[in-house]
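Since the structure of chain U is provided, determine the placement of chain D on it from the hints.
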Amino acid sequence: DAKTTQPPSMDCAEGRAANLPCNHSTISGNEYVYWYRQIHSQGPQYIIHGLKNNETNEMASLIITEDRKSSTLILPHATLRDTAVYYCIVRVAGGDDKIIFGKGTRLHILP
Amino acid sequence: DTAVSQTPKYLVTQMGNDKSIKCEQNLGHDTMYWYKQDSKKFLKIMFSYNNKELIINETVPNRFSPKSPDKAHLNLHINSLELGDSAVYFCASSQVWEQFFGPGTRLTVL
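These protein sequence lines map, in sequence, to chains U and D.
Under the working numbering, the residues of the first sequence are numbered 1 to 111, in order.
Under the working numbering, the residues of the second sequence are numbered 1 to 110, in order.
Check each hint, because a few of them may be wrong.
To be verified - In silico PhoX-like cross-links for lysine-lysine, where the CA-CA straight-line distance does not exceed 25 angstroms:
(1) D/K40 to U/K3
(2) D/K36 to U/K103
(3) U/K98 to U/K52
(4) D/K71 to U/K98
(5) D/K52 to U/K98
(6) U/K98 to D/K9
(7) D/K41 to U/K3
(8) D/K44 to U/K3
It is worth saying that the hints were derived from the structure and are not from the lab.
The structure presented is a predicted model; accordingly, all values stated were derived computationally and were not measured.
With the rest of the complex left out, here is chain U (with noise of 0.2 angstroms):
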């Protein structure tokens, strides 16, 4: 079973930041979060990944709060092609283990 919690589903004007929020109250401490979107009939791409510290990247910014139970995913200037499913995963660092998937965040971009 998947060990976050996150929202349905959510709309955001296009241009605007769209922060999606989730839930990871059972985080064990080597358990990093990683963010993955799937655009429709595409496969799942990855967005970024931290521990404990937030990170940036070309794509997105990661905001994890000082007790790790939650995080809040960030697009700084949403447009219409992040249109798209968004999931929140707690995993072991490293590349062998399995993704387990929940529900996402569908994310709408309002024009």
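Then chain D, alone, in the frame of chain U:
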């Protein structure tokens, strides 16, 4: 340059048939996966191979048999197809931090 490719993209077949889906990655990764996404959009791991060896098998029926001829390929063979096998099947490969997914194969069993 396609990182993870799958063939075919669409597959429509009758119940009881045997079919295969092919996956290839040109990223030099050691680990490859098969995931199934059903009609309710739940995405679940099926198998994982590391350097041609099976390391994860998530209680998938024996009708599903993955085969890895080399570490760049992980094919999925399905025997005696059933209606419930209709889904989108995604192949993926991984390096340390992220998994790269293929475009998916939409299987429809009639």
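Here is how each hint holds up against the structure:
1. With a C-alpha separation of about 19 angstroms, the suggested pair D/K40 and U/K3 falls inside the 25 angstroms cut-off, and the hint holds.
2. Restraint check for D/K36 and U/K103: the C-alpha separation of about 14 angstroms stays at or below 25 angstroms, so the hint holds.
3. Our distance criterion of 25 angstroms between C-alpha atoms is met by U/K98 and U/K52, whose separation comes to about 21 angstroms.
4. Taking the CA atoms of D/K71 and U/K98, the gap is about 17 angstroms. The hint holds against a cut of 25 angstroms.
5. With a C-alpha separation of about 16 angstroms, the suggested pair D/K52 and U/K98 falls inside the 25 angstroms cut-off, and the hint holds.
6. Between the alpha carbons of U/K98 and D/K9 the distance comes to roughly 23 angstroms, so the proposed pair stays at or under 25 angstroms and holds.
7. Proposed proximity of D/K41 and U/K3 is supported: the alpha carbons are some 18 angstroms apart, at most 25 angstroms.
8. Of the supplied pair hints, the one linking D/K44 and U/K3 holds, its CA atoms being roughly 14 angstroms apart against a limit of 25 angstroms.
Every hint from the earlier list agrees with this structure, and none is contradicted.
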